[in-house]
Amino acid sequence: MLTKVHHVGIVVRSADEALKFYRDALGLSVTADRVIDDQGVRGILLQVGNSEIELLEPTRADTGVARFLESRGEGMHHICFESDDVGRELDEARARGIEVIDEKPRAGLAGMICFLHPKSNHGVLVELATPVAGGHQP
Amino acid sequence: MSVEATNIDHIVISSNDSAATAALFTKNLGIEIKRTMSRPGTGAHLEFAKLDEVVLEFGGPQQTAPVAEVKARLSGFVLAVKDLEKAVASLRASGYETSEPHAAVQPGAMIAAVKGGTHGVPFALIQYNALPAANRS
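Those protein sequence lines, which keep their order, are chains A and B.
If you're matching positions, the first sequence starts at 1 in the working numbering and goes up one per residue.
If you're matching positions, the second sequence starts at 1 in the working numbering and goes up one per residue.
None of these hints come from the bench; they were simulated from the model.
All values reported here derive from a predicted model rather than from experimental measurement.
One should not assume that every hint holds.
Stated by the list, open to error - Straight-line alpha carbon distances no greater than 25 Å define the calculated DSS-like cross-link-like pairs of lysine-lysine that follow:
hint, chain 1, residue 1, chain 2, residue 2
1, A, Lys4, B, Lys34
2, A, Lys20, B, Lys115
3, B, Lys50, A, Lys119
4, A, Lys4, B, Lys50
5, A, Lys119, A, Lys104
6, B, Lys34, B, Lys50
7, B, Lys50, B, Lys27
8, B, Lys115, A, Lys4
9, B, Lys86, A, Lys119
10, B, Lys27, A, Lys20
11, B, Lys34, A, Lys20
12, A, Lys4, B, Lys27
13, B, Lys50, B, Lys82
Said to hold, decoys possible - Chain B side only, calculated, beta carbon under 8 Å to chain A, not exhaustive:
hint, residue
14, Ala5
15, Ile33
16, Pro66
17, Val67
18, Lys71
19, Phe77
20, Val121
Virtual Cβ for every residue (Gly too), placed ideally from N, Cα, C.
Given the sequences, and given the hints that come with them, work out the whole structure.
See the structure below:
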């Protein structure tokens, strides 16, 4: 069961530049800031109420985030819903015939995560996440 | 002076068939649509769901004919603030341009859009209970 919007993901050219608005001007607190090497991104989470805003800056050119930036420019990339069991959500999604990107949950900035294919949601990229106990992935 | 955002108020998902996209999110993700409306004079059809404190707004044109291929996208979000006038003043002091605060569709609420500097995200701030009851539409 999805319990809330965990975060909205925004692809940016420069996370440092984007922080000038999302952190400095809006006054939001950074809760995680990490380079995820296997995904080729620097990801930053900023808390707002019970949800977060995720800034994604590609760190190399051969990633989906880099291709998104190249083709569409900066902007909203995905929406992430929180679940208490992302593995179960993924199994149920597959059972309903929903096309998925990740065959099994993997570690991400928001916890254990997986992505559903945008083809299955009219073009909207959907992430599901189960946060790890005690906060974000180190 | 600060913006004092309290939460994401709503996220907009635009679609060329918003009813179909909302129905798909219900089918695929179990997201329950709480309200639908057609906005008079605009030709828009809106459907709303709420998860915790965040509203998902599915918006698009009223359908007059079947859509060959439904296409949707994330098209902006709105943060709720405690005091919109102060929030707008804070952003302007930081060099960001905003619209003048004006009455929102939501009864009693005021809204202002941030123009530029949001890194490609259509973005606005909203304050609820900002208008006296007599002025609410």
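Checklist entry - Would the pair B:Lys27 and A:Lys20 pass a check requiring their Cα atoms to be no farther apart than 25 Å? => result The hint is violated at about 39 Å.
Checklist entry - Hint check: is the beta carbon of B:Ile33 less than 8 Å from a beta carbon of chain A? => result 14 Å, violated
Item to check | Holds or violated: B:Lys34 to B:Lys50, with C-alpha atoms at most 25 Å apart | outcome: 7 Å, holds
Next on the checklist: So if I understand the rule, the pair passes when the alpha-carbon distance is 25 Å or less; does A:Lys4 with B:Lys34 pass?
Outcome noted: Cα-Cα ~15 Å, so holds.
Checklist entry - Would the pair B:Lys50 and A:Lys119 pass a check requiring their Cα atoms to be no farther apart than 25 Å? => result Holds, at roughly 23 Å.
Checklist entry - Would the pair B:Lys34 and A:Lys20 pass a check requiring their Cα atoms to be no farther apart than 25 Å? => result Roughly 36 Å separates the two Cα atoms, so the pair is violated.
Next on the checklist: Hint validation: B:Val121 versus chain A, beta carbon distance must be below 8 Å. Holds or violated?
Outcome noted: 6 Å, holds
Next on the checklist: What's the verdict on A:Lys4 and B:Lys50, does the C-alpha distance respect the 25 Å limit or exceed it?
Outcome noted: 8 Å, holds
Checklist entry - Is it true that the CA of B:Lys86 sits at most 25 Å from the CA of A:Lys119? => result 42 Å, violated
Checklist entry - For the pair supplied as a hint, B:Lys50 and B:Lys27, is the alpha-carbon distance within the 25 Å limit? => result 15 Å, holds
Item to check | Pair hint A:Lys4 and B:Lys27, alpha-carbon separation not exceeding 25 Å | outcome: 17 Å, holds
Item to check | Hint consistency between A:Lys119 and A:Lys104 [alpha-carbon to alpha-carbon, up to 25 Å] | outcome: 18 Å, holds
Violated hints for the displayed structure, listed by number in ascending order: 8, 9, 10, 11, 15, 16 and 17.
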